[in-house]
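Student: One letter stands for each residue in the lines below.
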Amino acid sequence: MNVLFDNKIIIACSSGSQSNSAITIIRISGTNVLNECQKWFSKKLIFIKPKKMYRTKIILDEQCIDDIMFCFFESPKSYTGEEILELYVHGNVLNVRRIIELFCKSDKIRFAKPGEFTYRAIKNKKLSLTQVEGLDLFLNANNGIALKQGLDILQGNLHQKYVSLYNSFKALKSAFELQIDFLEDVGEESANFQLNSALNDFEYKIKDLYEKTLFNKSYLLAPTVVVIGQTNAGKSTFFNNIIGINRSIVSSTKGTTRDYVSDHISIEGNVFQFIDTAGIRNSNDEIEKEGIKRTQHLMENAFFNIMILNPYETDYHELKKLKIDKIDMLIVSHGDYKDCYEKFRKFENILKMKVYFTNLNESGPIGPDKVSGPIGPDKVSGPIGPDKVSGPIGPDIKNSKYLKDVLFSKIHGKYLKLSENETLFIERQRICISKTYNKYMKFKELLKKNNDLAISLSELAVLENEISQLIGVIPTEELLSDIFNNFCIGK
Amino acid sequence: MKKTEFDIVVIGAGHAGIEAAWMIGNMELKVALITLPNVLIAETPCNPAIGGVGKGQLVKEIDAMGGLIGKITDLSAIHFKVLNESKGYAVQSTRVQVDKELYSKFAEKYLRENKNISIINGKVLKINFLAQNSFEIQLKNENPIYSKATIMCTGTFLNGKLHIGAEQIEGGVFGCDNSDSLINICPVVENSKRFKTGTPARIKKSSINWQKLQKQISEPNAQNFHYLHKDFERFNQQITCYLTRTNQKTMEIIRKNKHLAPLYNGQIQGVGPRYCPSIEDKAFRYPDRNEHHVFLEMEGNDTESVYPNGISTSLPKEVQNEFIRSIVGLEDSQILKYGYAVEYDVIDPTKLNQCLEHKNIQGLYFAGQINGTSGYEEASAQGVTAGINASLKILDRDPMIFSRNNCYIGVLIEDIITNERDEPYRLFTARAENRLFIREDNTINRMYQYRKKLKINQPIDQYQESYMNCYNLLDEFAEKYFYKTNDSINNKFKNNNYGIFDARISLSELLKRAHLDPVKTLLNELNEKKVKIEYKILKAVAISQKYKGYIDKANNEFENLSKLDAIKINWEILGKNERISNECRQRIIKIKPENFSQLRRINGIRPATLAYVATICS
Chain L
1 MNVLFDNKII IACSSGSQSN SAITIIRISG TNVLNECQKW FSKKLIFIKP KKMYRTKIIL
61 DEQCIDDIMF CFFESPKSYT GEEILELYVH GNVLNVRRII ELFCKSDKIR FAKPGEFTYR
121 AIKNKKLSLT QVEGLDLFLN ANNGIALKQG LDILQGNLHQ KYVSLYNSFK ALKSAFELQI
181 DFLEDVGEES ANFQLNSALN DFEYKIKDLY EKTLFNKSYL LAPTVVVIGQ TNAGKSTFFN
241 NIIGINRSIV SSTKGTTRDY VSDHISIEGN VFQFIDTAGI RNSNDEIEKE GIKRTQHLME
301 NAFFNIMILN PYETDYHELK KLKIDKIDML IVSHGDYKDC YEKFRKFENI LKMKVYFTNL
361 NESGPIGPDK VSGPIGPDKV SGPIGPDKVS GPIGPDIKNS KYLKDVLFSK IHGKYLKLSE
421 NETLFIERQR ICISKTYNKY MKFKELLKKN NDLAISLSEL AVLENEISQL IGVIPTEELL
481 SDIFNNFCIG K
Chain Z
492 MKKTEFDIVV IGAGHAGIEA AWMIGNMELK VALITLPNVL IAETPCNPAI GGVGKGQLVK
552 EIDAMGGLIG KITDLSAIHF KVLNESKGYA VQSTRVQVDK ELYSKFAEKY LRENKNISII
612 NGKVLKINFL AQNSFEIQLK NENPIYSKAT IMCTGTFLNG KLHIGAEQIE GGVFGCDNSD
672 SLINICPVVE NSKRFKTGTP ARIKKSSINW QKLQKQISEP NAQNFHYLHK DFERFNQQIT
732 CYLTRTNQKT MEIIRKNKHL APLYNGQIQG VGPRYCPSIE DKAFRYPDRN EHHVFLEMEG
792 NDTESVYPNG ISTSLPKEVQ NEFIRSIVGL EDSQILKYGY AVEYDVIDPT KLNQCLEHKN
852 IQGLYFAGQI NGTSGYEEAS AQGVTAGINA SLKILDRDPM IFSRNNCYIG VLIEDIITNE
912 RDEPYRLFTA RAENRLFIRE DNTINRMYQY RKKLKINQPI DQYQESYMNC YNLLDEFAEK
972 YFYKTNDSIN NKFKNNNYGI FDARISLSEL LKRAHLDPVK TLLNELNEKK VKIEYKILKA
1032 VAISQKYKGY IDKANNEFEN LSKLDAIKIN WEILGKNERI SNECRQRIIK IKPENFSQLR
1092 RINGIRPATL AYVATICS
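Going down the list, the sequences are from chains L and Z. Just so it is clear: in the first sequence, position 299 is 299 by this note's numbering, and no numbers are missing. Just so it is clear: in the second sequence, position 580 is 1071 by this note's numbering, and no numbers are missing.
Since the hints were derived computationally from the structure, they do not count as laboratory data. Please note: incorrect hints may appear among the correct ones.
Stated by the list, open to error - For lysine to any residue, the following SDA-like pairs were computed, each having C-alpha atoms within a straight-line distance of at most 25 Å:
1. L:K449 x Z:F984
2. L:K448 x Z:E1000
3. L:K170 x Z:N1046
4. Z:K1039 x L:E459
5. L:K77 x L:S21
6. Z:K1039 x L:L447
Stated by the list, open to error - Covered stretches of chain Z, as calculated for chain L (at least 3 residues, CB under 8 Å):
7. 570-577
8. 637-645
9. 759-770
10. 939-950
11. 1040-1046
Please read these numbers as outputs of a predicted model, since none were measured by experiment. C-beta: ideal position from N, C-alpha, C; glycine also.
Take the sequences, apply the hints, and build the full model.
Tutor: Here is the structure:
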């Protein structure tokens, strides 16, 4: 008898899927695994031998999504005692997730519950029971078994979020119990107030989590850094300064870069595609128009946008059309020109952000007569604000090396921040949050049209069954204790 | 001289004791019910109410098992209330106030009428465990009596001590003797701790200024508990209760006398229940709140005594006088009997099995407050369980285990034996997993299978048989009866506000409609067809139909878990299994769980242990 689970093929990432690594191991365990997985492999799986390494492409809609190594273990000579397929895939978090999601599309394969591999191993007598502790997690994911400890396994920010969700759900349950067992003690009005505020609080919290799961971060998979600016701002020069080679065609003629030019740069181990775009301006040139359209599209989907602004040749109205809030870093070129700062000030009211002044001539040609020679001191120029107004004019001018360091650290910082939030997206939790949210919305609907408390409670139990996989079960004693401590119960 | 022998001896004739003796007598075994002289049978020393949320279900379950509580409650009832009336049928409960004197009188009457029950007035000095299923009960100034089994239902009498201010009196109830401590009476059982409970002062009816107070009349639409009583019949004149409130002055008086409160100056060590706080608790735990409800409840039709519900206290007499007179309506009140707290010994209930029999001493049972519970209903339920199981054991039959999935008795028993508690245990519906199913209306459906197993043939058994037949018939009718579109049906749906009707709908589907009251709808439909069916059955069918979908859904959702819960485990083997941590093994050996459900309810059992047990069992 298999009381707890079905016998589907299970899949999970076995080497930790929360941070990027060179290689990640995905394990697939069950029966008839090769047959079920064949459709995503370029390699013919009927010919492979156990315990040998093979190379294959992972195929989705006739496109290769990853090029991987894999190894097959036959039953019972595997960790679980079942057939196991181990895939060694490229370790980008999102790549791993994409591959797992692909396999889960089959109705014969599902995402493993935590500890389920171990569970199967024990079932098939493959593990000595000293290893049984690993099962803590799996039980926690199991309906109704009262384990709060699951929460303690998590850490950091997410832990806080779940603890807060736990408390919020507990308050919601308490509020319902007040309505039934303690209505006389607490009074109708106070009980209703409790219930409404508990509902609102829980909704707010689960919605917050749910929205995070919805947030599409596919751009993290292939992050782009886009250099934008009006025509002839010096984008290509800047681009070349960063990349280090003259990839873009550089000239002072407006519209030289008609389509974008790109290259890949690795920052702290993550690869970013840098894209030099066509300048933005009103143009009648069809080719150039098309290029500009693409630029705007690139900017929309970019991971990081750098804007280069030439204060001498900027069209105020065109600038206003841009989505300024998408810009992550603003660089003003021609900073070494005499009245550059004065010129820039008229754009200040649109561009409310920190500005870096530079001169782009280190390797580039361009530009009218320049006044001051070499580059200014190595100081960060603060946002141009009131404190600077009375100051002695003229910005700090940064050299390319400095700008490059600032840029890279900004890019890395943003990547870290976004991929940290990614912890939410451990598949199990993602599914669970979204199911909980949907069940909650249904529950709310039910509350509206139904005033039978027992039915509401029964549906709440169904919701609890879902959420318990995230936060564990709230023991009745704790619930009652909470009520006794917070309300004057008893006549 | 011939030895006085009984099959079973029940010690204590409170709510647990009388049910135990009654069940034993009905199973045709000889039983002695020993009670202290001058202590009333089935006395209600505290609140005169029976039933309430969760507890109402319990009373009906006991009634369906053939117990006394439902019957004598109805007969002595002077005030009825339906709780949670607007919250849906599944969470509704009945609460009744009884005439205390009548209650005791009826209890005694029924017990005396049963030829198998002998009531013995005496004080138990010692229980000697002679051999397997052989006990000698030594009594003060009497010859010892012998039995095959003994049930301890000593309530608050075990080493009972009363507190009124600095005054401390030996006794289980005011004005009564107490019994010796457990260690002296029954040295083989260790008592675990002392609990405390309390009661308010009683006020003279004629000294209360009633006209200022809010009335609460007895509700005529509340059903009786006992299955044979007509649903809305009243056996006594109904009284009205009144509501008043404490105020700032009341609470100030209490707060300034903190040093005189035995609960707060260290005089009382026993732990009282948080859900039933004394007025001192209310004063000190909620320092910002001065207004607390006080319900003035008559203790009977022929008594001057009024029970002020909500101001239980053990403050000195003069302080009681002062704070009570600060309450609106009680300005000129005279106190008949002062409030007091009582401390008493309780055992460690985890030493008991599901029959409430001590795991180490065969034939020795414990029921009621001695197990650390509170409430008349909780005590009765345990009395029934212990009485039935002690009898079954002597008759060499299978024990009766109540399941928490279909009755509150099961919830109660499993809860008390799986964990030692640090405050008296009371039943709340929150403790049951299956609230939609464990209702008042379908009690007979749920308890029928248990009662049948007793193999007694009494009117109740015939009644339940015919109830079930009729229920099944009506239930099937509801499923199979379809309305088909025609003018008169269409009109009926419109006139009765039954909602949309297209082509075909079953009676069952009609009853499930959210905007309809299923009971009224079914009644209406049957009346129209001139079918007369007992209201109890009709109600149970209508409500069961209404909840069916939800119950099935919930059952599906928790199917895995309930399968797992039902798995029998062998605690002896687990206790020796070295793969389980030592700490967990200790707990398993102590609690001796018999199935997975009990195992996972043990405090401090580690997840890995549960996982391991689940894995090896499945």
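Student: Which of the numbered hints above does this structure break?
Tutor: Violated hints: 5, 8 and 10; rest satisfied.
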